[in-house]
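Note that the protein sequences, when read in sequence, are chains D and W. Residue numbering for the first sequence follows the working numbering, beginning at 1 and increasing consecutively. Residue numbering for the second sequence follows the working numbering, beginning at 1 and increasing consecutively.
None of these hints come from the bench; they were simulated from the model. Ideal Cβ positions, reconstructed from N, Cα and C, are used throughout, including at glycine. It is possible that some hints are incorrect.
Short, incomplete list of chain D residues facing chain W, as computed with Cβ under 8 Å [claimed, not checked]:
#, residue
1, 75
2, 199
3, 202
4, 293
5, 297
6, 301
Taking lysine to any residue and the SDA-like style, the derived pairs with C-alpha atoms no more than 25 Å apart in a straight line are [as the list claims (entries may be wrong)]:
#, chain 1, residue 1, chain 2, residue 2
7, W, 17, D, 216
8, W, 19, D, 168
9, W, 80, D, 293
10, W, 80, D, 168
11, D, 200, W, 8
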Amino acid sequence: MSKTKVAVIFGSRSAEHDVSIVTAIASIIKPLELSAIYEPVPVYIDKQGRWFSHPRLKDIALYTTGQIDDFLSKQKPLLLQMGGGMKITWPGIKPKSVKLGAVFPATHGTHGEDGELAGTLEMANVPYVGCDMPSSVIAMDKALAKTIASYEGIPTPKYVWFYSRDFMGDNDSVLTKLSGLTYPLFVKPVHLGSSIAISKVNSAKELINAIEVAAHYDDKIIVEEAINNLIEVTVPIMGNASPKAALVEQPILNSDNVFDFESKYIRQGKKGGAKSSESAQGYSKLPADLPKELYAAAEELAIKTYKAIGCSGIARVDLLIDSKTKKVYFNEINPMPGSLYAHNWKKSGLSNLKLAENLIDLALERFKAKQKLTTTFKTTYLKQY
Amino acid sequence: MKVIVDNLAVNYELKGKGKVVLLLHGWADNHQTFSRLISYLSSKYAVVALDLPGFGESETPRQAWNLDNYADFIASFLTKLSIENIYAIIGHSNGGALAIRGLSRGVLKADKLVLLASAGVRNSQPLKRVITKSVAKAGKVTTFWLPKSTRQSLRSKLYGTVGSDMLVVPELSKTFKLTVAQDVQADAAKLKLPTLIINADNDPAIPAKDGERFHYLIKHSKLKMLNGNDHFIHHQYANTINQEISEFLSQ
Ligand SMILES: Nc1ncnc2c1ncn2[C@@H]1O[C@H](COP(=O)(O)OP(=O)(O)OP(=O)(O)O)[C@@H](O)[C@H]1O
Ligand SMILES: [Mg+2]
């Protein structure tokens with residue numbers, strides 16, 4: 001039997017473009033090359049949004065040496081065909097087509113992880129790995145995710161959200177809205193990841209400056225109370241109807257107590273965990289160093305959140321813990337964890353290959369279940385014309 | 001921390017309490033070049049160090065800027081932070097030229113000035129020629145005047161195929177030409193504030209005689225010539241420089 005072709009889609013128009021390249025190649029494509037059932041097909045979306053596929057795109061050196069631009073200039077972008085599954089075609093005098101058995105999205109941030117790609121794949125009616133469009137959209141909006149989580153009784157730091165244009169138009173009414181919150185406060189753009197434009201403020205003057213910064217990057221802003229005596233943990237979760245957690249992991253904070261872009265990506269922290277499990281562990285405690293009950297509480301809250309947001313496939317839930325009160329709060333949820341958090345799954349007993357294969361299995365399972373739902377109805381609507 | 005100034009997100013650090021000391025870094029550098037100086041001085045002063053637009057984590061200006069644009073920007077930045085009085089400005093390399101120009105135009109005001117291997121004597125300086133030449137034949141590049149981190153990424157850029165941009169940030173090449181072209185000797189001659197000038201006698205980027213020239217031009221200045229061959233004197237001679245500056249500021 002021939003292997004099922006799985007397109008691994010990565011790159012895209014996102015600030016996390018490069019992180020995605022590493023996720024796709026190191027944690028998905030390389031392991032899947034050893035699979036007996038699945039065959040990875042690299043599909044790279046460049047920074048302009050053009051789709052390409054070529055065996056050489058599996059080679060990380062192509063990107064690290066900067067030869068990629070030159071290489072792509074000699075390639076023709078792919079043609080996509082949707083409806084009754086997804087077909088990719090390499091154009092040319094003798095065009096070649098492949099029908100995909102499944103798609104493995106591996107993008108981070110905008111134009112991908114935010115639900116755009118899931119929506120596209122949903123339209124194409126092809127099985128795909130990871131969260132569906134609605135859950136991705138919710139997850140990528142910190143305010144929306146918190147609102148839905150709170151509705152399910154999941155604790156989050158007290159927060160207020162508003163649109164940037166409302167602050168620019170009527171500064172006072174927004175500040176009144178915020179007056180119920182107690183300093184210190186965190187100000188965040190709701191859609192952006194990687195701590196870009198996040199500030200911690202202690203006074204009204206700082207608050208205004210911080211809102212301006214957030215509004216410089218996003219059209220929607222959340223302001224929330226800071227959790228004291230902070231322990232931060234993150235929990236990778238996998239599954240559809242009955243999701244399971246990997247190990248609760250505790251990233252090591254930098255001196256400002258904010259896990260910033262640099263410690264996260266440049267120094268191989270949270271998302272950069274890609275390169276090797278050692279380096280990831282160098283910046284995190286795996287498993288987290290927590291008392292038993294607190295560890296269990298974190299795991300439970302993470303799974304509860306995953307379900308509340310409606311995730312399937314995989315996601316990673318970030319939690320904030322007040323080590324004095326022992327209270328656990330939901331912070332945010334990431335539909336496509338950098339490098340799938342493979343180092344953590346490995347330590348929980350799942351090899352890189354098994355991880356990637358299981359995720360594709362879950363995609364196929366969800367697809368099948370969805371096919372059973374009735375989506376068309378007979379109507380007499382057109383008859384009246 | 002970031003603030004929005006003139007519609008640009010600018011990254012800065014404010015550490016300590018007391019009289020305000022403003023730090024200005026050089027070309028292709030960022031405020032962290034001063035990390036040791038910041039921790040040293042912040043026990044006595046409120047130290048403000050920003051990533052100048054185009055560098056570090058600050059956004060890049062939408063047009064090409066010269067030193068005057070930078071100085072105006074710093075003034076707006078200080079207003080934004082509600083900082084009214086600056087006690088001292090410390091500038092390294094191009095940051096020194098920027099301080100001199102800002103002070104002479106009255107856009108910036110301070111009681112004291114410290115120039116670390118300051119640029120701004122443009123005619124005697126081989127730098128501009130070196131750069132234009134090496135840009136022409138991008139194989140051999142002199143990078144001693146750039147911070148180490150930049151030097152490395154620059155090398156890999158040059159020898160990779162990404163494009164041989166000497167100036168690190170392509171959008172800044174015009175800004176680079178404008179700022180590097182700006183001679184500030186006439187401005188230096190107008191300064192009346194007590195100034196400490198520190199240079200290294202074998203600095204490969206800024207000749208020792210530029211330090212002497214500034215000393216000659218700035219009336220109330222003191223020149224300290226170190227024995228050394230690194231343009232980043234605040235790294236190589238961190239302890240000496242910290243002490244010299246701290247002493248000068250407490251006088
Ligand atoms: N309410 C809070 N109390 C205490 N610390 C907080 C709070 N909110 C955020 N932080 C700190 O700031 C960091 C960044 O916040 P957050 O995770 O919401 O932003 P982000 O940009 O989505 O980051 P990333 O996507 O890289 O995880 C957190 O990891 C945490 O260290
Ligand atoms: Mg986070």
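Hint check results:
1. 75: Cβ of residue 75 of chain D sits 16 Å from chain W, so the hint is violated.
2. 199: holds, 6 Å
3. 202: Because about 11 Å separates residue 202 of chain D from the closest Cβ in chain W, which is outside the 8 Å limit, the hint is violated.
4. 293: violated, 37 Å
5. 297: Constraint on residue 297 of chain D not satisfied, violated at 33 Å.
6. 301: Nearest chain W Cβ about 31 Å off; hint violated.
7. W/17 x D/216: Violated - the C-alpha atoms of residue 216 of chain D and residue 17 of chain W are around 29 Å apart, more than 25 Å.
8. W/19 x D/168: Distance of about 33 Å is beyond 25 Å: violated.
9. W/80 x D/293: violated, 47 Å
10. W/80 x D/168: Holds. Residue 80 of chain W to residue 168 of chain D sits at ~17 Å (cutoff 25 Å).
11. D/200 x W/8: Roughly 20 Å between the alpha carbons, so the hint for residue 200 of chain D and residue 8 of chain W holds.
Comparing the model with each numbered hint stated earlier shows that hints 1, 3, 4, 5, 6, 7, 8, 9 do not hold.
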